[in-house]
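Undergrad: These are the residues of each chain, in order.
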Amino acid sequence: MIITSRFFNRSELIGFVALAVVLFVILPLLLDVFRLNLVAKYLTYAFVAIGLVLCWGYGGILSLGQGVFFGLGGYCMAMFLKLEASSVENTKIQSTPGIPDFMDWNQITSLPLFWQPFHSLTFTILAIILVPGLFALIIGTAMFKRRVGGTYFAIITQAVAAILTILIVGQQGYTGGINGMTDLRTLKGWDIRPDNAKIILYFVEVVLLFACIGIAQFIRLTKLGRILVAMREQEDRVRFSGYSVANFKIFAFCMAAVFAAIGGAMFALNVGFMSPSFVGIVPSIEMVIYTAVGGRMSIFGAVWGSLLVNFAKTSLSESFPQLWLFGLGGLFIAVVLAFPNGLSGIWQDYVQPRIDRLLAMRKSKPKNGWRDNSVADGAPAE
Amino acid sequence: MLIGHQPKEFLLAVEALTVSFDGFKAVNDLSFYVEENEIRVIIGPNGAGKTTVLDLICGKTRATSGSIQFRGKELTKLKENEIVQAGVGRKFQTPSVFEDLTVFENLEISYPRGRTVFGSLTFQRDAAVKARVEEVAEMIFLKDRLDTFADQLSHGQKQWLEIGMLLIQDPDLLMLDEPVAGMSVSERAKTAELLNRIIKDRSVLVIEHDMKFVEDIAHKVTVLHQGQILSEGTMEKVKNDPKVIEVYLGH
Amino acid sequence: MFGDYSIGDLGSIFVMQGFAGLILFSVYVLMALGLAIIFGQMGVINMAHGEFMILGAYVTWLTSNFFQSFLPSLFSGYFFLAMILAFLASGALGMLVEWALIRHLYKRPLDTLLATWGLSLILQQTYRSVFGPREVGVELPQWMLGSLKVTDSIEVPINGVFVMGLTLLITTAVAYVLYKSRWGRQVRAVVQNRIMAGAVGINTEKVDRYTFGLGCGIAGVAGSAFTMIGSTGPTSGQLYIVDTFLVVVFGGAASLLGTIASAFSISQTQSTLEFFMSGSMAKVLTLLAVVGILMLRPQGLFALKVRK
Chain H
1 MIITSRFFNR SELIGFVALA VVLFVILPLL LDVFRLNLVA KYLTYAFVAI GLVLCWGYGG
61 ILSLGQGVFF GLGGYCMAMF LKLEASSVEN TKIQSTPGIP DFMDWNQITS LPLFWQPFHS
121 LTFTILAIIL VPGLFALIIG TAMFKRRVGG TYFAIITQAV AAILTILIVG QQGYTGGING
181 MTDLRTLKGW DIRPDNAKII LYFVEVVLLF ACIGIAQFIR LTKLGRILVA MREQEDRVRF
241 SGYSVANFKI FAFCMAAVFA AIGGAMFALN VGFMSPSFVG IVPSIEMVIY TAVGGRMSIF
301 GAVWGSLLVN FAKTSLSESF PQLWLFGLGG LFIAVVLAFP NGLSGIWQDY VQPRIDRLLA
361 MRKSKPKNGW RDNSVADGAP AE
Chain L
1 MLIGHQPKEF LLAVEALTVS FDGFKAVNDL SFYVEENEIR VIIGPNGAGK TTVLDLICGK
61 TRATSGSIQF RGKELTKLKE NEIVQAGVGR KFQTPSVFED LTVFENLEIS YPRGRTVFGS
121 LTFQRDAAVK ARVEEVAEMI FLKDRLDTFA DQLSHGQKQW LEIGMLLIQD PDLLMLDEPV
181 AGMSVSERAK TAELLNRIIK DRSVLVIEHD MKFVEDIAHK VTVLHQGQIL SEGTMEKVKN
241 DPKVIEVYLG H
Chain Y
1 MFGDYSIGDL GSIFVMQGFA GLILFSVYVL MALGLAIIFG QMGVINMAHG EFMILGAYVT
61 WLTSNFFQSF LPSLFSGYFF LAMILAFLAS GALGMLVEWA LIRHLYKRPL DTLLATWGLS
121 LILQQTYRSV FGPREVGVEL PQWMLGSLKV TDSIEVPING VFVMGLTLLI TTAVAYVLYK
181 SRWGRQVRAV VQNRIMAGAV GINTEKVDRY TFGLGCGIAG VAGSAFTMIG STGPTSGQLY
241 IVDTFLVVVF GGAASLLGTI ASAFSISQTQ STLEFFMSGS MAKVLTLLAV VGILMLRPQG
301 LFALKVRK
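Chains as they are written, first to last, in our numbering: chain H, 1 to 382; chain L, 1 to 251; chain Y, 1 to 308.
Each hint should be verified, as a subset may be incorrect.
[Claimed, not checked] Straight-line alpha carbon distances no greater than 30 Å define the calculated DSS-like cross-link-like pairs of lysine-lysine that follow:
{"id": "1", "chain 1": "Y", "residue 1": "Lys-107", "chain 2": "L", "residue 2": "Lys-79"}
{"id": "2", "chain 1": "L", "residue 1": "Lys-158", "chain 2": "Y", "residue 2": "Lys-283"}
{"id": "3", "chain 1": "H", "residue 1": "Lys-145", "chain 2": "L", "residue 2": "Lys-79"}
{"id": "4", "chain 1": "H", "residue 1": "Lys-145", "chain 2": "Y", "residue 2": "Lys-107"}
{"id": "5", "chain 1": "H", "residue 1": "Lys-145", "chain 2": "L", "residue 2": "Lys-77"}
Quick caveat, the hints were computed from the structure, so don't treat them as lab data.
Let's have the full structure, built from the sequences with the hints guiding it.
TA: Listed below in structure tokens is the structure:
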């Protein structure tokens, strides 16, 4: 208990317990399997949003290409599942049995070399972490070592998202094209489609999510977390305190990439397919808005933001498709202009003080973490 | 590796240093030498290239040509953080502290340990760190404000905090860019006292306009004009140099 | 790869492909000009730039319909009026947006990016609600149809030539306004030092608003020109926004000449590659090359070395 209370301060502890109760108990009890599976899908974006809290909220590095890493993680997972679903037995009606159906449709007659290692689950799990991690390392090293940041970095990452999408859509023989990889069935023989599998996958995902929350919180509390904040404000002062600013940015960007990739892999498992529509510019920038709505400085806020925006999206776009884009657009503007600290800011400014007053046992002032001006003034200069 | 002190070895040797911005030579063929434990003040009219010289030494600006040797190391080839690790500390003209962090955290970040990514992940706030932070906080008159966020400090207190952040790095060469500018009279006096205390056992390079202050602390004065040295020597010598009187002190 | 063509054929193909590239170049320049003013001069990332362009396209479409229904005799000249209307409509919307949104965010460039993205979503949906989800194409006047026969095997479309001429004209005008006029000096003064510019009596707020309006207005003209070579839908703007930003960044954000040079190299690379491979691969390779070069040379093609 002593460790916990040091790891989370009081209001964070409340946030942690509330989230755990909702995700582990309330939602599984309340929702049917179909809706629980929807929640699982929403939560895959929460992984991305947590990464963005570290990288954007703390480090001031806005990546508009997180869909790239989400997609790379998702495609790695989907490739493994697709290969398992494409056994010779399952695909004997194809002209070349034993390869994924979309390859057969595109007159490809043997499994491409880069697909081969995805027969192994161990390799796949490593690839889910390492492929996006290394890719982020390359982009981050190229950009941050040359002091490219701010808006330039945002535009470059966006271009990368555009490139990868066009590539995936264009190379349909190798990637499944615009339809993506569909009809994923089993994981090491275990069918991922029935209801009980979906429930198990949901819990696996939530456990992973809490692991990522723990890692992010740990990073936030170390000196590295404070250096990220320091860097966002006074990059030169950090540099002239003896730190290699680029290395810290690369680290934050790589962590965000790996978190996003884990989310992507869970997406492939929970939703049962992966497609380029989760890779490109539009999904990437939507992932940023989940973070902004939750509060770019709040790890728990990122999870709530992902859940609420997606819930709103599903319900609004089903019944009033026109309203949804107006709503989403308005959300972007409102969050930036009026609530730069998102839901967690509203909570801190309006709800928390009232709760404190109600409890009113001791006079307590928020001591750590959260202050208004931190975001408003925190936009990094180029 | 040389063991023992070489006689006549300079701490800092700047030679034939030149930097040009689109043809404009902000610093032009500049050479000067700073000895161990020397306090050198650079003065000169606006635009003389004083701040640029500090920028060049600490790596913020890259030299077009020339060399900067610090304890035998060529600084022009090092990155900023490597220059800091070699023992050069720099204070900027406007106070640059981390406003979203507390005074304690500001000082802690400057504590010279755990400066790599991995090092900062495993950094522990142990007794040695706490003791050193408190010691420095005492020197910079902020001991009772350790838990205050830096944005709540006054202008003068921010300047002190930044000086404290340099102090905790324990650099061999301390570079200060107008440390008393914008301070109230009482803050100014306190700062002079603070500087007099911290410049012991190290070399200091100061840019300052306040002549009274310069006279108090300088061992040697270098007068810059249009990127070149106009005069150099003791305050007494420089003050009486007709060239200096004409371009700088005269009016 | 060249085996099936004679030298003469190949020559003609390169010329015509080069011409296709020139049309693409003109469109890029027109789109990038507005962005170069807003991003290069003001440092504002306007993700809704494509939507301002589309507004110009819709205005042109409306004007063309109006002339067709009410003034068929003047139809051959509608285009000139349409471009002026497009400029005014996009420019006015731009000034409104600057006043309502952008001016609150000058110190937060990343937030501007998010807010203008939100704006682009709203505009897209507005277009969809007003003009319908389908793409619309304008009727071109007779004289713009057909093509000029340069030699036996080389033909160039007249509307393409027109767009190129238009681009030349607008670029010259923008260069004049920015670099030679008093107003252009004020814009650059504000960019370099806002506080000082204000202190010497320049109304910085007004300069900001008109600069943003001008950039958006030029986007509107670009959209208007765009209707001559393609159709317009609610989301057409978004297709081009990334390319356009890359053009501006690749050129070196503050340099008009750089923008033109970069638009030229990107469009020529893409249209030449398109002949040898699928359009999507040509685009991937072009964008990859641009991003690769930007990683090696982040300041872009043309950049000044200045003291920060």
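Undergrad: May I ask which of the numbered hints given earlier this structure violates, with the numbers listed in increasing order?
TA: 2
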